[in-house]
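As they're listed, the protein sequences go chains G and D.
Everything in the first sequence is counted per our numbering, starting at 92 for the first residue and increasing by one.
Everything in the second sequence is counted per our numbering, starting at 92 for the first residue and increasing by one.
It is worth saying that the hints were derived from the structure and are not from the lab.
Predicted, not measured: the structure shown is a model, and the values here were computed from it.
A hint or two may mislead.
No copy is singled out in the list; a pair is fine if it fits within one copy or between any two copies.
[As the list claims (entries may be wrong)] Calculated cross-link-like contacts (lysine-lysine; reagent style BS3-like; alpha-carbon spacing at most 27 Å):
(1) Lys666 - Lys124
(2) Lys619 - Lys666
(3) Lys124 - Lys159
(4) Lys470 - Lys312
(5) Lys606 - Lys494
(6) Lys564 - Lys235
(7) Lys283 - Lys536
Here is what each chain is made of, one letter per residue.
There are 2 protein chains.
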Amino acid sequence: MLLLVAFNSHAEDGHNLWLRAKSTGPVSVVCAKTSPTLAIAKEELEQGWQGKKDAKIALTITKDKAIKGDGFKLSENEVQANTELGILYGAYELLRRQQTGQAISSEISNPSYERRVLNHWDNLDGSIERGYAGQSIFWHDEAKGFAVTEKDRTLWKEYARANASIGINGAVLNNVNASQLMLTTECLQKAKAIAEVLRPYGIKTYLSIKFSSPQLIGGLKTSDPLNPEVIQWWNNKIKEIYALIPDFGGFLVKANSEGQPGPQDFGRTHADGANMLADAFKPYGGIVMWRAFVYEANSKDRAAQAYKEFMPLDGQFRDNVIIQVKNGPIDFQPREPFNPLFGAMKKTSVMPELQITQEYLGHSIHLVFLAPMWEECLKSETYQEGTGSTVARVTDGSIFPQKHTAIAGVANIGLDANWCGHDFAQANWFAFGKLAWNDQLTSEKIADEWLKLTFGKTQASIEWNVCFLSPVKQMMLESHEAAVNYMMPLGFHHIFAPQDHYGPGPWWGPEGVRKDWTPPYYHQADSKGVGFDRTQTGSNAVSQYHEPLSSQFSDVTTCPEVYLLWFHHVPWTYKLKNGRTLWDEICYRYDMGQKQVRQFQKVWDQVEPYVDADRFAAVQRRLRNQSGNTQIWKDGCLLYFQQFSKMPIPYDIARPVYDLDYIIKNFTKDRP
Amino acid sequence: MLLLVAFNSHAEDGHNLWLRAKSTGPVSVVCAKTSPTLAIAKEELEQGWQGKKDAKIALTITKDKAIKGDGFKLSENEVQANTELGILYGAYELLRRQQTGQAISSEISNPSYERRVLNHWDNLDGSIERGYAGQSIFWHDEAKGFAVTEKDRTLWKEYARANASIGINGAVLNNVNASQLMLTTECLQKAKAIAEVLRPYGIKTYLSIKFSSPQLIGGLKTSDPLNPEVIQWWNNKIKEIYALIPDFGGFLVKANSEGQPGPQDFGRTHADGANMLADAFKPYGGIVMWRAFVYEANSKDRAAQAYKEFMPLDGQFRDNVIIQVKNGPIDFQPREPFNPLFGAMKKTSVMPELQITQEYLGHSIHLVFLAPMWEECLKSETYQEGTGSTVARVTDGSIFPQKHTAIAGVANIGLDANWCGHDFAQANWFAFGKLAWNDQLTSEKIADEWLKLTFGKTQASIEWNVCFLSPVKQMMLESHEAAVNYMMPLGFHHIFAPQDHYGPGPWWGPEGVRKDWTPPYYHQADSKGVGFDRTQTGSNAVSQYHEPLSSQFSDVTTCPEVYLLWFHHVPWTYKLKNGRTLWDEICYRYDMGQKQVRQFQKVWDQVEPYVDADRFAAVQRRLRNQSGNTQIWKDGCLLYFQQFSKMPIPYDIARPVYDLDYIIKNFTKDRP
């Protein structure tokens, strides 16, 4: 029995995330004030201190105009901030600097976005839409009621701590495809219990709501946002919420999108719906995050629709409404150009929505570090206010005078011991927090820090840097491009198998299914070529981009090749800049993606001496699976598209090992 | 309708095997005699003639002492032989020379073995043991009776023609695991019908018998071979057979082997059993082929048993008994050293048994040309009568004065349109016939001829030689070594998954199963090393080989490395001649096997312009499957043995993509 306990205590299940520092000596923490948040800051410093022994450190709350929001100023022996939460963030950053061996000079760190929010797509029955790390940490089987246990509270506290350590200050507790039951008193009571655990860590609680709740649980005959009874119902409901959760953050709303109800059901606009709720929130300081993820069946181009629907409403939204816009115009694909709404809506608060959970990037099986993809989006030039109007700057308040700024990440967190399924998926949670705090950070810095915190020792050796840190970091930084290569290179998008969004499915398009839910809609392959024509000769979605982008994307010779098939229908024999035909380059890209993952396997196998056995084996196993998957992607896509190109796979490329019919039959939905 | 017929007539289903020549001009064939066999020879020459137009060719039956058996002498305008069958063989060879562009100079071709026999493991219900090309061409569902149709006769005739064209002159019509029903009158009537179709082509009919038939269908109380009633029963039965089939060849007997009944059940020896039957055959010129494939449960070394059981009987067998000995001491493994009975039984006729059907070599999915394996065996030095006592020469009558010589091949033929499942498996049927006729032939010559006949045009171009013949021949010649590499390199043997003998199963060894039916019995892996110790410190099976082989095999430093783990239990860290450790070399071998098959895929894909679409696609598909299989073999074996070696797979080798538990669960029995 004892032996078993001892063994278990040594097993490394990844539960501690990037929070592994243990104090190497006493420290004296001095703070004039006391509060739950400050107590946490003090405790963290004492338990994680790695600086000089017997040092004294002051936690100082002042008013410093150079410090914004919950920002902080760090020095060797002081954390200074305008708010208690700023102190806590400063404490975590100080510990991180110590653990990663970064110098601490007097410097200010301010958050890029006011609201840095995780969106949990957690259902009230405990399942998670697009969740790959177990059931919900918030909700269990609703049939069993909404009781809260000490075990729940312990986990929520660990969750809050992890979030606070990287600056996340908001959590939407339930799925955007919301149940009306969320707003019942029973559910709100549970939300209150969660909010109380999160509060000392500075995490505000938000909820997703179903727009037809007034009818479904309020007994009203309509949910028309201009109807006085409906307005009253929402006012009452929001009042009820604030009585339970005084610091409640607001609502996240998916309306008139993929079958969800919304104001358009009553002849009203998105602005009518959002503003009605915003007005009700106004007295409490709450906000409405209104999603722009809308598209109709049988439209000419799904990618062009959000812009068409929302741009006419620019200027009509209240200042406590934020339009939540996915990074790209379609749906979290391996690579998309940025959504043209960014920067275009100049009189409206707009917030980026990133997807941390890997719905389209290999679930919790593939090792894909998402920071490079997000960095690529955030640093994209929109040109909406001249050079420098990056997606980051048009959303973080640098350029437009938004009342509120925010950024959302769809969480990848579940009940799995290591929270995220894949140990390296923790890095994506971490990266989201870091980028939400500082949208100018590089992926390299994030990966470096995360690896040191998650796999490193306090005193990293040169050997560790050379033999572990450097190759593993390189693998992480290359991993997204590899995934693009083996899944959807050159601008391919949404050629996934249906439902699961895991394996390839470019062939999938049964009769009777909405065309825009089938891959052929997106790849448009025929005997002449492949790709979606979004130029003037096609859907003209290019016109939604500000010049010079519109012209650049529209011209096949200037369009970045990474977006080639996103914007153009290109002949198979078209010569790319490297001299290869399009068909050959498609082949080489899929092959390169496979080779990259095979190389990742070698990298990982060689760092075995530097990793605990449990995490080593877990990651090794997933890399094998990922590597096997690249074969299915490559064979499936090349053999499928070859039916149109009628050209041979270049003979220096390893040949398929699966037949197309075998893949279609066996792998279209399921994982191998 | 017409269109469909036209299309079908162009589809290439491989049914024509290596017999594709069509006459390019008239020829006048002159023969003094007429007979069914001579008529065939004449017809073949007329329909396949590719020589000078209006040539005259004489078929001359003489008595020429330089010509042996059914041998022949060829010249530009004459086929000369001592027998009608010799004329037929000469005619086929003449046509082959024309089609492959080989010169015809006056030369004699004599058969190496008197009897060149296919063993069909066909059951009376139409199934075929270890058959991978459809059901039996001879037997259909026995419940439906034994009626013979015209379709049957057409197919048998095509079968007989194919055999005759390569010199095969015998066919055992049913499985060695024989049903007693074979000797019932109803079945014998069907055998008679088959024999009548085969006869003009010179194919003698043989049958496998169940040794306990006197009890099972004769109503006797015993099958003791010394019992007068039993002897009488067999005499009567053989008499009955010869009344139906006057040229009947004899019996093939699997006795006291894998549960089959035999003389030992009655306290008699193999010699007692075989001689009793041989005596009954004597008046008719029939023979008994008695298999030496015997091994007991729980023996120290299965490989040593046939020798132990049969050597004491040397000299006791009648001269019309031939002991049928598998090429290696275990069971048709990807590579075995030759069976030590070859050359050791000096006073007994011994015939090699080769397996054409790829029970242990990838069934009809893997492309494995078996001629190199057989050539390796036939040319192995036994040293039993000094240098030059090769397996071929000690069995073909060159060295010992055997009354009868013979060689058997377990057929790979079924109802599949192309006879053999894999188009390239036809080459193994072809190669068996060619080697049975001339046991000194090289694999290269056989492959060259088969490719020209099967895929070539009459006037082969230099382009065809360079772009098709040369690379495809190279692939064939390398294919067996590749299979050894990815399945069982360095002397590994019988580490197959159970029953199916297709995928890897080195881990398979459930409680209660005979140890010698489980792979761990054969590989003996432990923390120290791997391999079966057959030296003096182990089973001492090495002592069954004649010096200098016994000493050479016994010493780990002189043992050929291809047999290393067959004869030795070798430490994982043992240094091979190339300087690598055993473990590393095992890894490199599996990896090389995979690379070789991947290369075969490239070879095949590049010859697409030279192959009809049907056979191209069929072979391409199988190569993909084979290539995928190499991954399962490599990953399964390396991850399994790594549990013992505890050494890393060299880092320049592509990593596994499957986990061991996944392979064990999903692939141990079934094909992917």
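So, going through the hints one by one against the coordinates:
no., hint, verdict
1, Lys666 - Lys124, "neither (68 Å within a copy, 71 Å between copies)"
2, Lys619 - Lys666, "within (14 Å within a copy, 58 Å between copies)"
3, Lys124 - Lys159, "within (20 Å within a copy, 114 Å between copies)"
4, Lys470 - Lys312, "neither (47 Å within a copy, 94 Å between copies)"
5, Lys606 - Lys494, "neither (39 Å within a copy, 78 Å between copies)"
6, Lys564 - Lys235, "neither (44 Å within a copy, 70 Å between copies)"
7, Lys283 - Lys536, "neither (37 Å within a copy, 85 Å between copies)"
The structure does not agree with the numbered hints 1, 4, 5, 6, 7 stated previously, though it agrees with the rest.
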